Amino acid sequence: MRYAMAIDTKKCVGCSDCVVACQTENDVPIGYCRDWVVEVMDGTYPQLEMEIRSERCNHCENSPCVRCCPTGASHYGEGGIVLVTENKCIGCSACITSCPYDARFVHPKGYVDKCTFCLHRVKKGLQPACVAVCPTKCMYFGDLDDPRSEVSEILKKRKHKTLIPEAGTKPQLYFLI
Amino acid sequence: MNSRRQFLKISSLSAAGLIFGGGLLDAFAENLVKKNPSHFKGPFDFVRTPTYCEVCFWKCAGWVYKDENGRIKKIIGNNDDPNCNGRFCPRGTGGVGMYNDEDRLKTPLIRTEERGEQTFREASWDEAFDYIAAKLQKVKKEHGPESLALFSHGSGGKYFGKVLKGLGSNNIAAPSYAQCRGPREVAFLATYGQGINSPENTDIRDTKCLVLIGSHLGENMHNGQVQEMSDAIDKGATIITVDPRFSTVASKSKFWLPIKPSTDMALLLTWMNVIINEELYDKKYVEKYCYGFDQLKEHVQQYTPEWAYGVTTLKPQQIRETARAMADAAPAVIVHPGRHVTWYGDDTQRLRAVAILNALLGSWGRRGGYYNPEKASVPHFKLPDFPKPSKNWRDAMGGKYELADLALASGVCDASIPSPEMSCAIKAWIVNGTNLINTLPNQANTLKAIQELDLIAVVDTMPMEITGYADVVLPECTYLERYDSLRVSQGREPSIALRMPAVDPKYNTKPAYWMAREIAKRLDLLDYFPFENLEDEIDWELQQVGTSLEEMQRIGVKRIKREYDDLYFEKNEDIEFDTNTGKIELYSTALAEEGFEPIPVFVQHPEPQEGFYRLIYGRAPMHTFSRTANNPNLTDLMDENTLWVNPKVAKEWDLKNDQYVYLENQDGIISDFSIKVRVTERIRFDSVYMVHGFGHADKRMKRCFGKGISDTQLISNVMIDPIMGGTGMRGNFVTFRFDNKKEA
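So the sequence lines, in the order shown, correspond to chains A and B. Read in order, the letters of the first sequence are residues 1247 to 1423 in this note's numbering. Read in order, the letters of the second sequence are residues 15 to 758 in this note's numbering.
Simulated from the structure, these hints should not be mistaken for lab results. These numbers were taken from a predicted model, which means no experiment stands behind them. Hints are not guaranteed to be accurate.
What the hints assert, rightly or not - Ranges between beta-carbon positions, derived for each pair:
1. P1346(A) with Q618(B): 51 to 59 Å
2. K665(B) with V1352(A): 38 to 46 Å
3. P1354(A) with E141(B): 54 to 62 Å
4. K462(B) with I1410(A): 57 to 65 Å
5. P1354(A) with F269(B): 41 to 49 Å
6. I1410(A) with K755(B): 55 to 63 Å
7. Q331(B) with P1354(A): 25 to 33 Å
8. E564(B) with G1289(A): 54 to 62 Å
9. A1413(A) with P661(B): 27 to 35 Å
10. P1354(A) with R338(B): 52 to 60 Å
11. D753(B) with E1396(A): 54 to 62 Å
12. K585(B) with A1413(A): 40 to 48 Å
Stated by the list, open to error - Listing some non-contacts, in silico: residues in chain B with all C-beta distances to chain A over 10 Å:
13. R101
14. T107
15. T133
16. K172
17. K297
18. P319
19. Q457
20. E624
21. N660
22. I684
Don't be surprised by glycine CBs; every beta carbon is placed ideally from N, CA and C.
Hey, can you work out the whole structure from these sequences and the hints?
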């Protein structure tokens, strides 16, 4: 099992609903976020192009954060989801420094926090909160090892990319372009 | 008398006041929600309670979830709701912040000094109601009941409306009409004999071509529409966006037409020229259903693409190409009617042009165009007749705006300023859930009107600017803490939705229904409030349509089957439109009768002087109007607005990204606060852009005070629509200032 997410940049309107839904679902304190929206502009008026992306932890197969964690708090969980065990984390921030996607933050309670692909929901057969809420239905989540999962199907059909592939982290967050 | 019996039965079951009577009644009312026996009744644990959202007007139905401590945790969409299909927008998801905001109004307040100064003392509910009732009675006696007015946006308006009507006034206005969608309604009524209403009857789900003119879907999160647009993108629909700004949806469009602001009418008429002259229009449809085609054809001959180039700065080839793209998709094409359409004062005419263009393409009544909506019908409990007002706001306007089909908020405001022409000077306002200071353009005018009043009572959840001018402030609990009237929606399938309290009201706040009834009690108007509790009235209504409060508490939303399968016209179906001619009027006989142009004409609008830029404003997906800027969750996403400036302009003024500037408008009005510059190619060189709803001036809103600029403050030139009185707000120009010192 290998969980992955695909996000359709052609449909995302950058409304940040994914961000609020994640905050209320996961009790992320106000002022912090596990996911966020990026807009990339290109061109000069009126020849313009824009890509909008909802970003979060890439749940890399080859995760520098897991590798550099001195206590083993950062680890691979079910389906390759990268997780942090709160009570093992000493808040040293080595993982934050090593993450090329800037996807982690220090929770006010002292441990490092990040996207979990809403594993607690996934275990119950639900979609992650961001996927479930998205008004444009631009996010797809599922098991890449299952060729019939929604995410596998959409990645077969559509052109896609990952972010900073040159970092060699093998991210599991795909962007449909 | 079946209905009366029904009512009695319910009363005896749940209205404890009737049993205990007299002295206990008041005590009971003080704890309305808490001790109400029907609160949380039912065999459910109420880990989740149904609601419909109150953050914007789309009213998506959802579920409020509580944690193990009974505290509100999250709000998510109801899967059965056609307005949201189980998915809330960021504002709806962030509705929890409205409940958690510690800056909320907490207890009734009575003003101690002059209006606009924040000097209040805390008061009891009884004192506040006595004060209001006495003032209302005094104004009624001295000036007549027609001098009472209500401004409303949101659920509470209905209840206070009953008080007003009971007293003998129908001056009930909502800024959502004259400041927003009114011109569109009048234009479509004049053309098709039918308005658009809300949610819009646009069949975006199945469209092949969606044309958006200054309508930035996605930045305005009109939930159902945005969802359908996303479906349409999936199905490969062509999107054509006309906007001087590279909006989000422009970035998703096959064609983006970066039009010169204020020239949209020229483009619309030119599109008609191309579609008619290239014979791309739906001939059978036009022949069967439309009136005045020949006049229209002759009229648009002057509007050639080459002419339009000089006016709109859009290339003739681009205009032809997009006209053909629309025709290729027809009739599955939507030239979108927009929503906030009060721009240049000729808005009814511009929306008429939109309506006519749709008719030429044969999209009204067709799949992928405009469907025929059906609204659920829920009977109301029969109330005694309201007294007939002898005059209203319209009389005060000297017979103008006969075609407006709802009261104008700006008109009622104007009618509060004494003048020789106005025969209906308004002396008392009740304001429910609308921050008029930041909603009505021309703030100076609003403030002048307010100073003329004998009473201004404001009902709100937050200390908005308008509450600073109130004589009495009534703190309303949020929608998560109260019942409200049923949501009765139009759509492909009509639906009803229930809102019930998820938790008890925080602080000393109360539902608007209870407040209105308490005021009614003091004015001897209880006949109009036969139900002690709103939930009893809702239960009565629900039983008339074969369900009950208990069932709705469980399911939240009920879809109601359409009576007829008439979403679209049948092939060759004979249709009688509700216009003078019974046809779709390309040439409007109603407008001609009133002395207006029967076919829209292009009129050149003023342009900015050297050094000034057109002020364009719009929406961000995470904020609504000017009412969410202090919401902790939504402020976290966006805490101030920025000023979009083209790099060429920035260079000329030596402006850098993130630098703060003040703005001064053409009338010398300087912004109270400063705004952060955002240098971006996404805006034309002749305009600047900001998101509406920031620059709050009330210090009690700690998160948003002084953050960004209020566009409303800079809108002093209001171009009034002569047909329906809409307030055109896009005719204002601003220049940059590096301080806000007023010249001596």
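- Query: Regarding D753(B) and E1396(A), is the given constraint of 54 to 62 Å on their beta-carbon distance met?
  - Reply: Given about 56 Å between the Cβ atoms, the range holds.
- Non-interface claim for Q457(B): all C-beta distances to chain A beyond 10 Å? 30 Å, holds
- Classify the label on T107(B) as holds or violated, using whether its beta-carbon is more than 10 Å from each beta-carbon of chain A. 4 Å, violated
- Does the claim that N660(B) lies off the interface hold, with its Cβ farther than 10 Å from every Cβ of chain A? 7 Å, violated
- Message: Confirm or reject: K297(B) is not an interface residue toward chain A, with every Cβ-Cβ distance exceeding 10 Å.
- Response: For K297(B), whose nearest Cβ neighbour in chain A is about 35 Å away, the distance exceeds 10 Å, so it holds.
- Taking the closest pair, is the beta carbon of P319(B) still more than 10 Å from chain A? The assertion about P319(B) holds, with a minimum of 18 Å to chain A.
- Task: For K665(B) and V1352(A), compare the CB-CB distance with the range 38 to 46 Å and indicate the outcome.
- Result: Because 40 Å falls inside the window, the suggested range holds.
- Task: Hint says 27 to 35 Å; check whether the CB-CB distance for A1413(A) and P661(B) agrees.
- Result: About 32 Å separates the Cβ atoms of A1413(A) and P661(B), which means 27 to 35 Å holds.
- Query: Is it the case that T133(B) keeps its Cβ farther than 10 Å from each residue Cβ in chain A?
  - Reply: 31 Å, holds
- Task: Compute the least Cβ-Cβ separation between R101(B) and chain A, then decide whether it is above 10 Å.
- Result: With a cut-off of 10 Å, R101(B) comes too close to chain A, as the shortest Cβ separation is near 5 Å.
- Task: Look at the Cβ atoms of P1346(A) and Q618(B) and judge whether their distance stays inside 51 to 59 Å.
- Result: Because 54 Å falls inside the window, the suggested range holds.
- Does the Cβ-Cβ separation between I1410(A) and K755(B) fall within 55 to 63 Å? For K755(B) against I1410(A), whose Cβ atoms are near 48 Å apart, the range 55 to 63 Å is violated.
Checked against the numbered hints given earlier, this structure breaks hints 3, 6, 7, 12, 13, 14, 21; the rest are met.
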